[in-house]
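A.B. asks: Listed below, chain by chain, are the residues.
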Amino acid sequence: MVDKLIGNYPYLIAALIFAVGCYTVLSHSNLMRKVIGINVMETAVFLFFVASGNVLGGQPPIIDLNNSDVIYVNPLPSALILTGIVVSVSVTALALGLVVRIHRQFGTIDADEITEIRSNDNA
Amino acid sequence: MPDMILREITSLLLPFIQMYGIYVVMHGHLSPGGGFAGGMILGVSLILYILVFGLDSCLRKVPHRLSSFLESFGTLWYAAVGLVGLLRGTSFLMNKGAGIDLGTPGELFSSGLIVVITIGVGIKVASTMLSLFYTLVEED
Amino acid sequence: MRKFLALLVVLPCLVAMIMLAAELPPYADPDNPTNNEVPTRYTEQGVEEAGATNIVTDIIIDYRAYDTLIETTVLFTALIAVMLTLKGAGNNHA
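Residue numbers (my numbering), protein chains in the order written: chain A, 1 to 123; chain B, 1001 to 1140; chain C, 2001 to 2094.
Bear in mind the hints are in silico, worked out from the structure with no lab data behind them. Computed from a predicted structure; not experimentally measured. Accuracy of the hints is not assured; some may be wrong.
Here are some, though not all, of the chain C residues that point toward chain A, as calculated from beta-carbon distances under 8 Å [said to hold, decoys possible]: (1) 2014; (2) 2018; (3) 2021; (4) 2022; (5) 2026; (6) 2027; (7) 2030; (8) 2059; (9) 2060; (10) 2075.
Only part of the chain B face toward chain A is listed, based on derived beta-carbon distances under 8 Å [unchecked claim]: (11) 1031; (12) 1032; (13) 1036; (14) 1105; (15) 1132; (16) 1136.
Listed next, the stretches of chain C that the computed footprint assigns to chain A, with coverage defined by at least 3 CB atoms under 8 Å from CB atoms of chain A [said to hold, decoys possible]: (17) 2033-2042; (18) 2046-2053; (19) 2076-2089.
Every residue, glycine too, gets a C-beta built ideally from N, C-alpha and C.
Bound conformation, chain A alone (with noise of 0.2 Å):
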């Protein structure tokens, strides 16, 4: 099992990175942080998608017209994480927006302290 693992390189590195992400999210109680670990995770998603259309002794697929017999690498996956990499912007700037916003009411962006406050104000 050892060396069919060590074949998927690229997968066990996305999960690493993937792994990182997910313990950046849980741990840290300041917004900011969680913001970036949510990026990175969606960054360890895209490397998984994309290496799964590699084809041994590929070349990018731009069409060349002078020689016909070229392996081309599957074009497919790159076509759609395109729309998964715009969606992750749009997700990390409403995330940022909705921290400036909060920073904006409460005056710290620390989880735990939100927390406090507001159930110090509803008590």
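Could you slot chains B and C onto chain A? The hints should help.
C.D. replies: The following block gives chains B and C in isolation, referenced to the frame of chain A:
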């Protein structure tokens, strides 16, 4: 004077960055890149201008009305180019089926409506980046 | 305490993903199930059906043009949502 070094280097570098962004948009059908990547390069060059020279001097060049006009213009441009296929008798968003001449592949002005759509997408992404930065940085 | 609990949640997921990565088909193999007749058709007949030599641009603007159209409206909606969050919902509520 670190401020003066930043201003001089940025004012030397910005025309090259914008020309590279326009190159990536226009050659979207011949080399890797396309509308989204080229539009982001153009938008990020304007954000660099705001960071070095201040928000007010960019608001004099690209005011709020112009950036929100360009934003809606990009989306409507894409839908209007799609209506060309409807006007010629086939379905929405057709390129070759609507009878448009495709030209020789490998030239700059080939492949019909692909260049037109790519320019619209590039303008839209650049003005979205700029409007997002205006909204996040302004304080009243 | 929080870091220990976070590690307790992340480590089983990491082990499960690594075991999954060993079960996938081999990386960069021409006989993968993802290289069936669909990418072959796009690379062989893409230039004469759409006219662009860049196959990825060809796919997102000619073969799957609806997705890119709705993609631009996703960007537009995100910008409107950020503006609503930060500038309030208008000051003339009667």
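A.B. asks: Taking 8 Å as the limit, does the beta-carbon of residue 2059 of chain C come near enough to a beta-carbon in chain A?
C.D. replies: Holds, about 4 Å.
A.B. asks: Double-check residue 1136 of chain B for me: the hint is only fine if its C-beta lies closer than 8 Å to a C-beta in chain A.
C.D. replies: holds, 6 Å
A.B. asks: Quick one, is the residue 1032 of chain B hint okay against chain A at 8 Å, beta carbons?
C.D. replies: Result: holds, 7 Å to nearest chain A Cβ.
A.B. asks: Examine the stretch 2046-2053 of chain C for residues whose CB is less than 8 Å from any CB of chain A, and state whether their number is three or more.
C.D. replies: Since three or more residues must qualify, the claim that chain A covers the stretch 2046-2053 of chain C holds, with 3 doing so at under 8 Å.
A.B. asks: When the nearest CB of chain A is found for residue 2030 of chain C, is that gap smaller than 8 Å?
C.D. replies: Where the cut-off is 8 Å and the nearest Cβ of chain A is about 6 Å from residue 2030 of chain C, the hint holds.
A.B. asks: Given residue 2021 of chain C as an interface hint, is the shortest Cβ-Cβ distance to chain A below 8 Å?
C.D. replies: holds, 4 Å
A.B. asks: Does the nearest C-beta of chain A fall within a distance shorter than 8 Å of the C-beta of residue 1132 of chain B?
C.D. replies: holds, 5 Å
A.B. asks: Holds or violated: the hint that residue 1105 of chain B contacts chain A, with Cβ atoms closer than 8 Å.
C.D. replies: holds, 7 Å
A.B. asks: Examine the stretch 2076-2089 of chain C for residues whose CB is less than 8 Å from any CB of chain A, and state whether their number is three or more.
C.D. replies: That given contact holds, which follows from 7 residues of the stretch 2076-2089 of chain C lying within Cβ reach (below 8 Å) of chain A.
A.B. asks: Grab the minimum C-beta distance from residue 2018 of chain C to chain A and call the hint holds if it beats 8 Å, violated otherwise.
C.D. replies: With a minimum Cβ separation of about 6 Å from chain A (threshold 8 Å), the hint on residue 2018 of chain C holds.
A.B. asks: Given residue 2026 of chain C was flagged as interface, is its beta-carbon under 8 Å from a beta-carbon of chain A?
C.D. replies: With a closest approach of 6 Å, the residue 2026 of chain C hint holds.
A.B. asks: Within the stretch 2033-2042 of chain C, is the number of residues with a Cβ closer than 8 Å to a Cβ of chain A three or more?
C.D. replies: holds (count 5)
Against the hints set out earlier in the document, no violation occurs for any number.
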